[in-house]
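Those protein sequence lines, which keep their order, are chains A and B. Residue numbers for the first sequence, in the working numbering: 16 to 253. Residue numbers for the second sequence, in the working numbering: 16 to 253.
It is worth saying that the hints were derived from the structure and are not from the lab. On a predicted model such as this, the values are computed, not experimentally measured, just so you know. Incorrect hints may have been included.
The list treats identical chains as interchangeable, and a pair is accepted whether it falls inside one copy or across any two copies.
[Stated by the list, open to error] Below, in silico cross-link-like pairs of lysine-lysine (DSS-like), each with a Cα-Cα straight-line distance of 25 Å or less:
#: 1; residue 1: Lys228; residue 2: Lys162
#: 2; residue 1: Lys162; residue 2: Lys147
#: 3; residue 1: Lys228; residue 2: Lys93
#: 4; residue 1: Lys228; residue 2: Lys112
#: 5; residue 1: Lys104; residue 2: Lys93
#: 6; residue 1: Lys147; residue 2: Lys104
#: 7; residue 1: Lys104; residue 2: Lys166
#: 8; residue 1: Lys228; residue 2: Lys147
#: 9; residue 1: Lys147; residue 2: Lys93
#: 10; residue 1: Lys118; residue 2: Lys225
#: 11; residue 1: Lys166; residue 2: Lys112
#: 12; residue 1: Lys166; residue 2: Lys93
#: 13; residue 1: Lys118; residue 2: Lys93
#: 14; residue 1: Lys104; residue 2: Lys225
#: 15; residue 1: Lys147; residue 2: Lys112
#: 16; residue 1: Lys228; residue 2: Lys104
#: 17; residue 1: Lys166; residue 2: Lys228
#: 18; residue 1: Lys93; residue 2: Lys225
#: 19; residue 1: Lys104; residue 2: Lys118
There are 2 protein chains.
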Amino acid sequence: MPPKTHLPKRPHIEKHFTSGEVVRDIVIGMADGLTVPFALAAGLSGAVESSSIIVTAGLAEIVAGSIAMGLGGYLAGKSDVEHYDSEYKREIYEIEKLLDHEKDEVMEILEGYGLTRTESTPIVDSLAARPKDFADFMMRFELGLEKPEPKRAMRSGATIGAAYIVGGLIPLAPYIIFVQAHRGLLWSVLITIVALFTFGYVKGTFTGTKAVKSGFQTCLIGSLAAAVAFVIARLISS
Amino acid sequence: MPPKTHLPKRPHIEKHFTSGEVVRDIVIGMADGLTVPFALAAGLSGAVESSSIIVTAGLAEIVAGSIAMGLGGYLAGKSDVEHYDSEYKREIYEIEKLLDHEKDEVMEILEGYGLTRTESTPIVDSLAARPKDFADFMMRFELGLEKPEPKRAMRSGATIGAAYIVGGLIPLAPYIIFVQAHRGLLWSVLITIVALFTFGYVKGTFTGTKAVKSGFQTCLIGSLAAAVAFVIARLISS
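Whole structure, please, built from the sequences with the hints as guidance.
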């Protein structure tokens, strides 16, 4: 892995590499957690009068969604590790058995950046003398792969799942409090719009997009999903 | 962008770069589409007798999920493009204004692969003479970013959303056919287990993990989510 050097004037890159992965997992889980249970509950309130069935469906959805996304994230993390390892072994193998071909590959890649063979030769020869460094170089440069941290998969899955639950309970809370579905819907819409905007805004500041724009976009997704779900559920049940 | 050279004996890499993005989008949409509506419907069938409310909730969920995931995928794609462009402008700016510092950065990165300053100098000087190539090199090597295709965002969002709908209708179909929820559940479990295994198997062959293992893992996620949702819904409604 190349050392990561940062200028103080590049705060977003520093952010990108330090808090990046946990934030990314929270964003993944919470984006869907805020949106889908919200839209499902809103949709059902277009079809039923009592909020009890909405709470049951909503909690079932939150459980299902958090397990699906959490376990999905865990397995994706594990498969990243396996993918990296198998590609790494392949690189090592090719460097041992097909060294000239691998050297040509690096030459061609560097030619893509306008470097001549004469300019590239010292680097390629130097890498060829150290197979491990050569393999690291190819992983990054030919395949664009970053070494994943093995312990990350479990943490990533748990973070995504928990964020989904937290996100999902926000739109559902009013239906737990109010017996009539339409009252639950009203409060759910109000607090979820605020939550979606806040979430989008914070997400925007972390990812480097414009915060207000990100807030509105996140609101739009949630509202559109909820509105269409409402119309569909009302059409089916009428 | 470096030219991508492939050996015939590296079929998985070729796959990775050609069909990769559409497959990835279908996998993202269908994994959740098969799992969450399945688990929600199974959960509700632990709480209600008639399948009509399950169909309403299921379709509302499919609509909500496909919009949330599809629009989410679209916006993520768009923000990738914006992120790449803003980082690229920053690199160009830094190369123009802080050339020596950027050259040092490349030197340090290459030192991480065991290259000496003498070995790296020809490449660094050559890149420094061509700002565009230098910026491309830094994007790939310092930041690990690949230039995203601008038109991909829309296609990606549509693919994810459509895959979610297709996936979601499979577990829901039996509830549309059978009036009694427990009959719908039985058939839903049967066809969804088959669908999850098939999906996981095909996904495994595309991503290079072991196909059978991938099939079982996908089944496990869906079944676990459905079982827990069933238990939760039954506990709430009793």
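Each hint tested on the structure:
no., hint, verdict
1, Lys228 <-> Lys162, "between (33 Å within a copy, 23 Å between copies)"
2, Lys162 <-> Lys147, "within (14 Å within a copy, 28 Å between copies)"
3, Lys228 <-> Lys93, "between (34 Å within a copy, 13 Å between copies)"
4, Lys228 <-> Lys112, "neither (52 Å within a copy, 30 Å between copies)"
5, Lys104 <-> Lys93, "within (17 Å within a copy, 35 Å between copies)"
6, Lys147 <-> Lys104, "within (10 Å within a copy, 33 Å between copies)"
7, Lys104 <-> Lys166, "within (20 Å within a copy, 35 Å between copies)"
8, Lys228 <-> Lys147, "neither (45 Å within a copy, 30 Å between copies)"
9, Lys147 <-> Lys93, "within (23 Å within a copy, 37 Å between copies)"
10, Lys118 <-> Lys225, "neither (43 Å within a copy, 31 Å between copies)"
11, Lys166 <-> Lys112, "neither (32 Å within a copy, 40 Å between copies)"
12, Lys166 <-> Lys93, "within (9 Å within a copy, 30 Å between copies)"
13, Lys118 <-> Lys93, "neither (31 Å within a copy, 36 Å between copies)"
14, Lys104 <-> Lys225, "between (41 Å within a copy, 17 Å between copies)"
15, Lys147 <-> Lys112, "within (14 Å within a copy, 35 Å between copies)"
16, Lys228 <-> Lys104, "between (44 Å within a copy, 21 Å between copies)"
17, Lys166 <-> Lys228, "between (34 Å within a copy, 21 Å between copies)"
18, Lys93 <-> Lys225, "between (33 Å within a copy, 13 Å between copies)"
19, Lys104 <-> Lys118, "within (17 Å within a copy, 32 Å between copies)"
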